[in-house]
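J.: From just these sequences and the hints, can you work out the full model?
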Amino acid sequence: MSAFRRSLLRSLWRHPNARTVVTLSPVVFWLALFVVAPMLIVLYYSLLTGGPYGALLPHLTLENYQKLFVTENLRTGELEPNWLYLTVFARSLGLALLTTAICLLVGYPVAYWIALYGGRFKGLWIGLFVLPFWTSYLVRIFAWMFLLRDPSGFINQLLLRTGLIQEPIQLLYNPTGVLIGMVYTYLPFAVIPLYASLERLDRSVLEVAFDLGARPWQRLWRVTLPLSRGGILSASVLVFVPSVGEYLIPDLMGGAKVNLIGNVVADKFLRDQNWAFGSAMAMGLMGIVMALLLLYFKLSRSAQVFERQR
Amino acid sequence: MDTPSVELRAVTKRFGSVVAVDHVSLAIAKGEFFSFLGPSGCGKTTLLRTIAGLETPDSGDIHIHGERVNDLPPYERNVSTVFQRLALFPHLTVGENIAFGLKIQGQPRDTIQRRVREILELVRLPGLEQRYPDQLSGGQQQRVALARSLVLEPEVLLLDEPLAALDRKLRLEMQMELRRIQRAVGITFIYVTHDQKEALSLSDRMAIMKEGRIVQVGTPQQIYEHPRTAFVADFMGASNLFSGELIEQWGQLCLHTKSGLIIRVLPAPEGSSSNGAQLLALRPEMIEIRRLDEGFPSENCFVGRVLQKVYSGEILEFEVLLNGTERLRVHSPSRSPAAQIHVGEEVLVAWDPEAGSLLSAE
Amino acid sequence: MSRGVSGRSLFAMALPLLILLVYLFIYAPLFILMLFSFNSAGNLAWWQGFSLQWYEQLLGYDQLWKALKISLMVTGTTVLISTALGTLTAYALYRWRFWGKRLFESVLYLPLYIPEVVLGISLLVFFIFLRIPRGLLTMILAHVAFTTPLVVLVVLARMQRIDWALEEAAMDLGADELVTLSKVTLPLLWPGILAAALLAFPWSFNDFVITYFVTSPGNAPLPVLTYNLILGARRSGAMGMINALGTLMTVVTLLLPLLALLLVRLRRFSLPGFRFPRRR
Chain A
1 MSAFRRSLLR SLWRHPNART VVTLSPVVFW LALFVVAPML IVLYYSLLTG
51 GPYGALLPHL TLENYQKLFV TENLRTGELE PNWLYLTVFA RSLGLALLTT
101 AICLLVGYPV AYWIALYGGR FKGLWIGLFV LPFWTSYLVR IFAWMFLLRD
151 PSGFINQLLL RTGLIQEPIQ LLYNPTGVLI GMVYTYLPFA VIPLYASLER
201 LDRSVLEVAF DLGARPWQRL WRVTLPLSRG GILSASVLVF VPSVGEYLIP
251 DLMGGAKVNL IGNVVADKFL RDQNWAFGSA MAMGLMGIVM ALLLLYFKLS
301 RSAQVFERQR
Chain B
1001 MDTPSVELRA VTKRFGSVVA VDHVSLAIAK GEFFSFLGPS GCGKTTLLRT
1051 IAGLETPDSG DIHIHGERVN DLPPYERNVS TVFQRLALFP HLTVGENIAF
1101 GLKIQGQPRD TIQRRVREIL ELVRLPGLEQ RYPDQLSGGQ QQRVALARSL
1151 VLEPEVLLLD EPLAALDRKL RLEMQMELRR IQRAVGITFI YVTHDQKEAL
1201 SLSDRMAIMK EGRIVQVGTP QQIYEHPRTA FVADFMGASN LFSGELIEQW
1251 GQLCLHTKSG LIIRVLPAPE GSSSNGAQLL ALRPEMIEIR RLDEGFPSEN
1301 CFVGRVLQKV YSGEILEFEV LLNGTERLRV HSPSRSPAAQ IHVGEEVLVA
1351 WDPEAGSLLS AE
Chain C
2001 MSRGVSGRSL FAMALPLLIL LVYLFIYAPL FILMLFSFNS AGNLAWWQGF
2051 SLQWYEQLLG YDQLWKALKI SLMVTGTTVL ISTALGTLTA YALYRWRFWG
2101 KRLFESVLYL PLYIPEVVLG ISLLVFFIFL RIPRGLLTMI LAHVAFTTPL
2151 VVLVVLARMQ RIDWALEEAA MDLGADELVT LSKVTLPLLW PGILAAALLA
2201 FPWSFNDFVI TYFVTSPGNA PLPVLTYNLI LGARRSGAMG MINALGTLMT
2251 VVTLLLPLLA LLLVRLRRFS LPGFRFPRRR
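Protein chains in written order, with our numbering: chain A, 1 to 310; chain B, 1001 to 1362; chain C, 2001 to 2280.
Treat the hints with care, since some could be wrong.
Each computed EDC-like pair below joins lysine to aspartate or glutamate, with the alpha-carbon atoms no more than 16 angstroms apart [to be verified]:
hint: 1; chain 1: C; residue 1: Lys2183; chain 2: B; residue 2: Glu1096
hint: 2; chain 1: B; residue 1: Lys1030; chain 2: B; residue 2: Glu1153
hint: 3; chain 1: B; residue 1: Lys1197; chain 2: B; residue 2: Glu1153
hint: 4; chain 1: B; residue 1: Lys1103; chain 2: C; residue 2: Asp2176
hint: 5; chain 1: B; residue 1: Lys1103; chain 2: B; residue 2: Asp1058
hint: 6; chain 1: B; residue 1: Lys1309; chain 2: B; residue 2: Glu1346
Just so you have them, the derived chain B footprint on chain C, three or more residues with Cβ under 8 angstroms [unchecked claim]:
hint: 7; stretch: 2155 to 2166
hint: 8; stretch: 2182 to 2189
Hints are computed from structural coordinates only; laboratory data are not their basis. Glycine included, each C-beta is placed from N, C-alpha and C at the ideal position.
T.: Right, dumping it as structure tokens:
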């Protein structure tokens, strides 16, 4: 490097604003172009009027958003709730809620056990939990399809051949199948924050609780759970947010019968060529996610204050 | 007089509303071992970092060997720092750590090797070039940090409480080493510490700092024996303080305490008021304690009663009540006639007028 | 007291059993998939006999090699770009304060929160809007956007363990900012950067949803090919081949994060030229 270029770089580095701009401009450029701009275009499209054959007419309107909730009765011309999409929203939220609840119920004991009884191998136990997360999401879903199919899937074969059932049971291409897939995929998202908060927990507090005569369940309810509030909150959000926007699991395991918001969005774009409405639907999903995240950041700040006081 | 190694002129550094260093002016001579001593938060580390170039002063000038260096980054100043946490590069061997600065200067390979070997011998760690810092003991790491800075032969070596993390025995050993090495290389050392004993035993001169200001500068003996303020007297070890009126009688200066003692004193070196309310500091070990039957040894001599006697290894600590109200602390060697004195006994305490020092108001 | 003790032992006994079941739930599907990739029957999930026919069929499938090539090209480029971008970003975020930092951070991590289908559709719309033909380029652009935040998180985690007095020490010894960066900061960050790259690899390689929307049918990377095979298998019943493909993908992608884990955990790891510092 020539002395001139070197001194130029050096004086650049010494200038706080210049160095920040130089260091961050590639990332800012990338994010602006390939994250923010696409979202803004979708936001713009959601305000346009959808024309025939997938055309987008430049009349700004809120009609697409209105259609998410209400529709015009073709006979009477009156507005009535648009059950077609309201059910999709309700199903997405319900399924995400159920997934979150199951992940918390299953994940909490696991995290509790690893954090308190994991001993020297804590890292290994938690590592084993995270590991499958780095394998192909598609392959994991396929593995479950291979297990759940009827009648040739592994579980049905096992039950049929051991004589536990006489008729194959349907586990795939229904809400149960989707739920299993979602719990399987997002369980690590619950276990990791729960583990992190339980690991930080001061053990002597638990011992004191026993010392003061608390029964195991009392201790869990009165001491451990309240102290791991922050972890429970993070776990809930980390499971709920991707669940509510899930696309692939209902697509493959729901057999087109368990459509979630994500599937409808994709269908509007890829199949129906109704970009304006699809955009509004995508923005609706974004709205739900953003609202949750904002709520989370607000709550977690107060939870943090709570934990720091301990 | 030669150009001072470091000269500070009204150096001030603020962090937000906190004034960490407040108009500090000072000159440190070439080859001097100079210490900044003060409680934590007194600004001594900030001052050191300002000299190193790791902080920029808000006002005032810093001169190193006569050159104003305010705007020079650390790597263009001819100073080097031994950090409190040592900051040895964990990814480099001892040899590479020491060679780091030389390599940047672009020294030829064989010069670097020779200098590294020489400096390792100076700090008494020969043959450890290939080790990594985390394979060394605390004392050895200390020596490597010192060697890494010394090998550059800086005008000034700055040391930021380098011995704070070591245990007592190792610390005493390293103090001796530091002194030996400093004499061997003749480089100006500026040393920051909160340990009075360390500063006293190491320094040629020292400065006591409080709340960003220098309270007193002097040789260890001057500062220890003649503190100028109550803060210095207290910080340099528990002192006896007498408050009273200063009155000149028969050509001699005396302090009349509220309890009724009349103590002969010497005038304060700088013209502090010779009359009015004054504080007198007196070191416990400057006081002699005797049994009543042993006679009057000195000008300032009082009778008191022993309240307490504590044995603490090399010295005996007495607490003596004078005039029914003044409590006086007296230290005497364990193996002296004073060992025979018992609690409750009436004793004589005495000291020379030179032993006490009048304090100026802060 | 006796109730407390019995309650506790019941709890202590039930818990490990539950844990065992959960780990079974996590790993059994993958193991069964792997096991049945060696089964002679294709669709039936019951053991019929050992056979390597699905592997033979898979390795002879020319689409696979094409898809693998595309995947490696996309992921390789993505890992290089996003590791560089992410490291720079993490450094700036960790060391400096600047105007708009909080806004920047929230946009930076956005791709980790946005539902994949929304990001995928938005990118699809965006590329159509700009008339950029979908293919390798669009996949790389999209992958870098959602891989960079991951790299930032991993590198930031490493930075938290670095003693920044080392940078001051280097400058004090005469190294200017650039030398300090290359001789001290980067070598200390190395393990973090390497771990980030090793985690970014499967993150990008395995992505299906976003990739699906930003690629064209002629440029199907491995996950898209797998998806097409799964859709086909529902009818034709070529599940054995997908089992074989899934086994290979799982084994390969698991090796990388394991390596990353080892790199971060290992106390001493020497290669000629550099050495990993010990964790503090």
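J.: Does each hint fit the structure? Answer for all of them.
T.: Verification of the supplied hints:
1. The hinted pair formed by Lys2183 of chain C and Glu1096 of chain B meets the criterion: a straight-line CA distance of about 11 angstroms does not exceed 16 angstroms.
2. The hinted pair formed by Lys1030 of chain B and Glu1153 of chain B meets the criterion: a straight-line CA distance of about 13 angstroms does not exceed 16 angstroms.
3. Between the alpha carbons of Lys1197 of chain B and Glu1153 of chain B the distance comes to roughly 28 angstroms, so the proposed pair goes past 16 angstroms and is violated.
4. Restraint check for Lys1103 of chain B and Asp2176 of chain C: the C-alpha separation of about 13 angstroms stays at or below 16 angstroms, so the hint holds.
5. A C-alpha spacing of about 33 angstroms is found between Lys1103 of chain B and Asp1058 of chain B, which places the hinted pair above 16 angstroms, so the restraint is violated.
6. Annotation: proposed proximity of Lys1309 of chain B to Glu1346 of chain B holds, straight-line Cα distance about 13 angstroms (limit 16 angstroms).
7. For the stretch 2155 to 2166 of chain C, the assignment as covered by chain B holds, since 3 residues bring a beta-carbon within under 8 angstroms of that chain's beta-carbons and 3 suffice.
8. As drawn, the stretch 2182 to 2189 of chain C meets chain B at 4 residues by the rule of a beta-carbon pair under 8 angstroms; at three or more, the given contact holds.
In this structure, the earlier hints numbered 3 and 5 are contradicted, and the remaining ones agree with it.
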